[in-house]
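> With these hints in hand, go ahead and build the complete structure from the sequences.
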Amino acid sequence: MKLSAIVLFLVAACAGFAAAANQDASGKIEQYLERGRQEMGVEANPPIGDEVFLRRIYLDVIGRVPTLDEAKSFLASADGDKRSKLIDELLESEGYVSHFFNYWSDILRVNESIGNNRLPASAHALWLKQALRSNKPYDEFVRDMITARGYIWENGAVGYYQRDRGMQLDNMSNTVRIFLGTRLECAQCHNHPFDKWTQMDYYEMAAFSYGMDARDYNSPNRQLVSDYQREMQKKGKMSGDRKDGKKYSAFQASRRVVSDLYNPVRYIASTETERDVRLPHDYQYGDAKPKDEVEAAAMFGTEVDLDKYDSRIEAYGDWFTSPDNPRFTLVIANRLWKEVMGVGLIEPVDELMDATEATNPQLMEFLVQRMKALDYDMKAFLRELYNTPTYQREADDEEILPGMVYYFPGPKLRRLSAEQMWDSLVALAVPEPDFYMPNLSNRLRQIDEARQIYNNLEDRSKEDFLDLVKKGTEIYAVNFNKTEELQKKFNELRDAKKEDEAREVGRELSGLRNDSRRRLQKLAQGDREMRGDPDALYAVFGMDGEQMKKEDIVTSLPQAPKPEADPEMSKEEKKRFYDEMGKEITEWRQAASQLMRASELPSPAPRGHFLREFGQSDREVIENASDSASVPQALNLLNGTVTETLTNRNSVLQQNLSKAETPEEKVESIYLSMLTRLPDESEMNLLLDEVKEHGAAGYENIVWALVNSQNFRFVQ
Amino acid sequence: MKELLNNADEFNRRRFLSNAAMSFLGVGVMPAVVGGRAQAALGPDLGLPNKVAPAKNCIYLYMNGGMTHMDTFDTKPGHENQGPVNSIKTSADGVKISEYLPLTAKQMHNVAIVNSMSSTAGAHEQGNYLAHTSYEQRGTIRHPGMGAWLLKFRGRLNENLPGSVFIGGNSRINGGAGFFESALEPLAINDPNAGLKNSKLRNVTEDMFEHRLELAGKLDAAFHNKYDLKQVRAYNSMYDDAVRIMSSRDLEAFDLRKESEQEKERYGSDPFGQGCLLARRLVEHDVRFVEVNLGGWDTHNGNFVNVPQRAEVLDRAFSALLSDLERRGMLNDTMVVLATEFGRTPRINQNAGRDHYPKAYSCLLAGAGIKGGVKYGKTSETGEEVIENKVSPEDFNATIAYNLGLPLDQIIYSPSRRPFTVAHKGAPVMELFS
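The listed protein sequences derive, respectively, from chains A and B. Taking the working numbering, the leading residue of the first sequence gets 25, the next gets one more, and so forth. Taking the working numbering, the leading residue of the second sequence gets 2, the next gets one more, and so forth.
In case anyone wonders, no lab produced these hints; they're calculated from the structure. Heads up, the beta-carbon is just placed ideally off N, CA and C, and yes, glycines get one too. Misleading hints may appear alongside valid ones.
[As the list claims (entries may be wrong)] Residues from chain B shown here face chain A by an in silico Cβ test under 7 Å; the list is partial: (1) P85; (2) R139; (3) L220; (4) Y228; (5) A243; (6) N302; (7) G303; (8) Q351.
See below:
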């Protein structure tokens, strides 16, 4: 009890001048940790030197190793406050956006690989980056997603509902799991067997967001068509007359026309409808009947007065993200703690129950209060954790055995995530790795194109729109009839064993529908220019501010000037020299087209990509990334193209290497670039021998060995 | 890190589960742990005898997009829904199939056709997921596929090779490890002719490779002394495994160049044909489970143009695979499955195509004690309704699982403590076993 009084006092003292209180809070956190360690007789690990700190903080905040220049400038600085300053600098950099984007897309399952979900997922990803870039307070961040309505080109957060389109109940389970750390999903079908939740609790919670609709949106014009079709049905005008006197099914054709018109913009929005949730048909408890409608009610915390709201989703958002919600702040404080230290104060982070207790309850409570006092400023919160002495201690070398509690002698030793590994390799190969975004404008263009198509359809008058449908229907009908004829011809040709001619007809037949579609599109487009314009969207997605401007974006990689062959060389030697160089340039071009940070590649990267082999989440379920070892990983590093890319003449690593003069300097350059430290004496001796023995190939061997070494794979 | 923590959770979970098992499942004693992090418990007794001499391994051919039943294995001669496709006799008495599959027809004495498949999932993604896992697709969990269940219960046969392999160009794989440990994830191969990715030395001699390994080892020595942790050690053994595979004779399993041109030709030079050939090689080397995918069955338009092309590819590879397995005596303990997510509308649409039709479709089983030369179940004259012996995807998977010797009633708990069984309470079709 005495402790919480201290906490309250502290909170009061801190509120209002968070940044200034930074060091105090870090100190306070250390005190709680120290108390925890003392109680258990655990000794803190020794503080780390600048080299280890440098590598760790870069990987933890911006997700990659520092470049050679970045490393040199930090290590050379004599500023006594340089660690704190570096933390601030990194938190404000674009690299932070990239790294924490990876973190959140694993949690939020941002998945661009599902066919119809590509566009909304892409918008969601851009929105997520913007939120991180502008340091949107966490409560707003969550609120924006769980109440997201609108179109993807104005509010990328609608991707949150698009992600679980048609699975609204699952979406609710996921929302509760991610942001309240509570597992409700079992209660969807029956009372929760291991927790207190009833099936009724589940449906009451579901009732808040069940009206959210991310399926085909309902436009007024679409409604028009239904009316038109119904009318056709009523008049018995199911078929129309063609010029040649034949009939066609106007009804079916018009349905196709409408679906083809709207197909490119089917999944671009989310809206709130009046839809009510009902209990399942096999509801088995006495408090209600199967298929009863259920009123929204909160699962814990403050009761929600729905009468005060026009919209259930607004009520949901308010209740969910309120500081009074007993689990909302706890979950994010614990999550970010785990992200920084490697182990949560509560594990797992998303299976809270009433009896759940943190391993260091006072510290947990303090962190919760800090998060509130900082108004959910995630960067400020992270800053306090990175500035603690414990974060800046040696990584722990003890195994956590089953049932053991971790008392934080230092952060845990961690393997680089797939993204950290990949992004570090990218930083070793390309300049300006954090701004190399060759795919960005195309993503924006596609989203803008959807906007144009949508507007083109919706801006039409009623008459104009119906006219378009009617004309389209005629085009389709003609092709329908052609289909019949062609199929007949195809069968005849096949029966007559005229394979080549049959194939020709087959191709024509298969192409008919595309032909209809193309002609419809042209008709709809008229003389309008429908090409998407990325420029229209840079500002919407936050790329016009201080931290990042459109002009900062790098879209192509520089190529080192071609060296001339030594004039002394024989003709044959020259030829070999230039052949070799040509090969290197081709390899570099191929690699470079892919050498962007993980956050700029599709989310997730395609199957079989380096990232996936090293455990990048497939974005199917929450936090599905893996850091387990696997044979394909080893094979990739042993025999894949990584070393080849890093030792290409055009790579940054190689460029730096060529600037270094003596073997010592070259070895130091490699070590500093790859491991963010200088080699110790025995390493230096070993490597100088290597170079003496193998010459230039020796450096390649060293790069290869480091790529394959534990030193590279783990964050110490 | 995550793995260590999961182990920590595991301790609590196990303790918790033994309590839970007592209070909820009425079982006092936990059965032997199957291994890994999920927990097994006894489920409802289905009253089935254990399968005698279960299949050792399984080749699972998946027809992506929904294979038309009317134009392949459930023809309706004379009916207007049939369109221009004729039926032909097969090597099995009284069993007729489509004229598009003349080579397969000669293998039907080995095959059981299930004509009465019926599902409720009419969209590709959902149907594919259900076919592979027996569970409905949910946003909150991933369910394991048959290969993962097989490895979970019966382990690998060859420690040098992966236990399960997926061959196909699909961007997503259903029926992977699901919530099981990631070691049960199938090794994915896009191009059957490319062999095992990165298994060959790259621009370096063997001597130099060894030298490099030695160098890396020396540079890591200090690190190993300092951090003697499970996760660090895991990387050592991973490198050992990788290098062992590189020099292992088993690597040949992935190498199609070891096959004669004639053999390759027989299976077909397309990726599916080569995939089936690779599947045969892998099973020969004791890989437990191999899935090969053939896409392009989504014939909404031009069904009678596109299906014959697909069928030609399937026909060559499937018949070559069955005859090859039979000739090598491997069909006794290798089960071959041909599955899809749904059939296609018996009524031909305006684009001379067929649309999705989960209500009635066909799948096949062969080998390892499956009765050959039979048709099981029946659809109506129009091909629209199942009128005899309806089989759900769960039942179909239960039949596969039972034939692989897997306990259908053993519950495995996911990390979130939800209970699952291999075929989601499906009942095996016992009539299909000889």
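> Using Cβ atoms only, decide whether B/L220 comes closer than 7 Å to chain A, and label the hint accordingly.
B/L220 check passes; min Cβ-Cβ to chain A is 5 Å, inside 7 Å.
> Min Cβ distance, B/Y228 to chain A: is it shorter than 7 Å?
With a closest approach of 5 Å, the B/Y228 hint holds.
> Let's test the interface hint: is any C-beta of chain A closer than 7 Å to that of B/N302?
With a minimum Cβ separation of about 5 Å from chain A (threshold 7 Å), the hint on B/N302 holds.
> Can we keep the B/Q351 interface hint, with Cβ of chain A closer than 7 Å?
5 Å, holds
> For the hint on B/P85, does the least C-beta distance to chain A fall short of 7 Å?
5 Å, holds
> Per the CB criterion, is B/R139 less than 7 Å away from chain A?
This hint holds: B/R139 lies near chain A, its Cβ roughly 6 Å from the closest one there, short of 7 Å.
> Have a go at the B/A243 hint: is there a Cβ in chain A nearer than 7 Å to its own Cβ?
At about 4 Å, which falls below the 7 Å cut-off, the nearest Cβ of chain A leaves the hint on B/A243 intact, so it holds.
> Interface hint check: B/G303, Cβ to nearest Cβ on chain A, cutoff 7 Å. Holds or violated?
Holds - the Cβ of B/G303 comes within 7 Å of chain A, reaching about 5 Å at its closest.
Checked against the numbered hints above, the structure breaks none of them.
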